[in-house]
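*Asks:* Here are the chains, one letter per residue:
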Amino acid sequence: MNALTLWFHKIGSPPTFYRIAGALAPWLFGIAFVLGAVALYGGLVMAPRDYQQGDAYRIIFIHVPCAWMSLFAYAFMAVNAFIALVWRIKLSELLAMASAPIGAAFTFVTLVTGSIWGKPMWGTWWTWDARLTSELVLLFLYLGVIGLYHAIEDRRQAARAASFLALIGIVNVPIVHFSVNWWNTLHQGQTVRLMGESKISGDMVWPLLVMALATHVWFFASLFARTRVGLLELEGGKDWAREVALADGGGRS
Amino acid sequence: MTDFLAMGGYGIYIWPAYAVFVVVFAIDAIAPRLRRRRVLADIRGKLRRRQAREATP
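If you read the protein sequences in the order shown, they are chains A and B.
Take the first sequence: its position 69, counted from the start at 1, is 69 in my numbering, and no numbers get skipped.
Offset between the second sequence (1-based) and my numbering: plus 253.
What the hints contain is simulated information worked out from the structure, not anything from laboratory work.
Where is the CB? At the ideal position from N, CA and C, for every residue including glycine.
A couple of the hints might just be wrong.
Facing chain A, from chain B, some residues (calculated, C-beta under 10 angstroms) [to be verified]:
#, residue
1, Y263
2, I265
3, I267
4, P269
5, Y271
6, V273
7, A284
8, R289
9, A294
Next up, chain A with everything else stripped away, as it sits in the complex (with noise of 0.2 angstroms):
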């Protein structure tokens, strides 16, 4: 084996993945709160007032990042469920499930958030058009992938299931993200891009932006905290997990 694979094999050994996303996970939590916080700061009271929504739109620097993260979630749980199916790995199986509920949590956020926009912009809370209904299959697909994998008992058999399920709802992700290009929507178009000039002024962009960094660390963190959990559940019986319960203030239980 080369040192790649020796690594990756030795990164994805529950004990010692344990430990790494131990000492991670709460340095993550961190950043991302106070990127959050920073963010916050810049968006609700240093940005400028917009000139047509006026203060409204201030909702876009938390509605914007989560929706991105809601479909880099699943990218995400995509991916690991691709290696879980192909190769099998114990770890890929738990991150895949790890990040259903976190991306739930984001899409939940978006469509929430975006339904307190729409009604004083639109003047509708809520509206069937291809940008709002493709989110909202995303949320139960994600919702579908956490009832199976709790709907099976055996641990690994219900990842595999709910990872199948997983890949065959990555072809929603570009439905989503293209949706406003292809259908006419009430939703607005791509305000900030990658390529070329952004739709969107400086000082309204970079809480933009601090927020949508700190909406991933924060992914990380949760991610990482839930995995944890997730292998000492699947791994109860072996030793390493029994040392981390006793040495868990084995008096109270």
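Model the placement of chain B on the given structure of chain A, informed by the hints.
*Replies:* Below, chain B alone, put in the same frame as chain A:
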């Protein structure tokens, strides 16, 4: 301060949106901690039961 909270008349939309954001991610942060506690207690329980079984002749 009142001006800030009013958000140009859109406060009733903005603050609930931010509240949902904060509450959902507070739950997201707490959920794995609670589950971890339950899983660890479960492992200890299994260990104790096994020790008790082995102790009885």
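*Asks:* Indicate, hint by hint, whether the structure satisfies it.
*Replies:* Going down the list of hints, with the structure as the test:
Taken as an interface hint, Y263/B checks out: its beta carbon lies about 4 angstroms from the nearest beta carbon of chain A, inside 10 angstroms. The interface hint given for I265/B is met, as the beta carbon of that residue sits about 9 angstroms from the closest beta carbon of chain A, less than 10 angstroms. For I267/B, the interface hint holds, since its Cβ comes within 10 angstroms of a Cβ in chain A; the closest pair sits about 6 angstroms apart. For P269/B, the suggested interface contact is upheld, since its CB lies about 6 angstroms from the closest CB of chain A, less than 10 angstroms.
Among the interface hints, the one on Y271/B holds; its C-beta lies about 6 angstroms from the nearest C-beta in chain A, closer than the 10 angstroms criterion. The interface hint given for V273/B holds, since its Cβ lies 5 angstroms from the closest Cβ of chain A, which is under the 10 angstroms cut-off. Satisfaction of the interface hint for A284/B is found here, the shortest Cβ-Cβ separation to chain A being roughly 7 angstroms, below the 10 angstroms cut-off. Restraint check, R289/B versus chain A: the minimum CB separation of about 5 angstroms is within 10 angstroms; hint holds.
The interface hint given for A294/B holds, since its Cβ lies 5 angstroms from the closest Cβ of chain A, which is under the 10 angstroms cut-off.
The structure meets every hint from the earlier list without exception.
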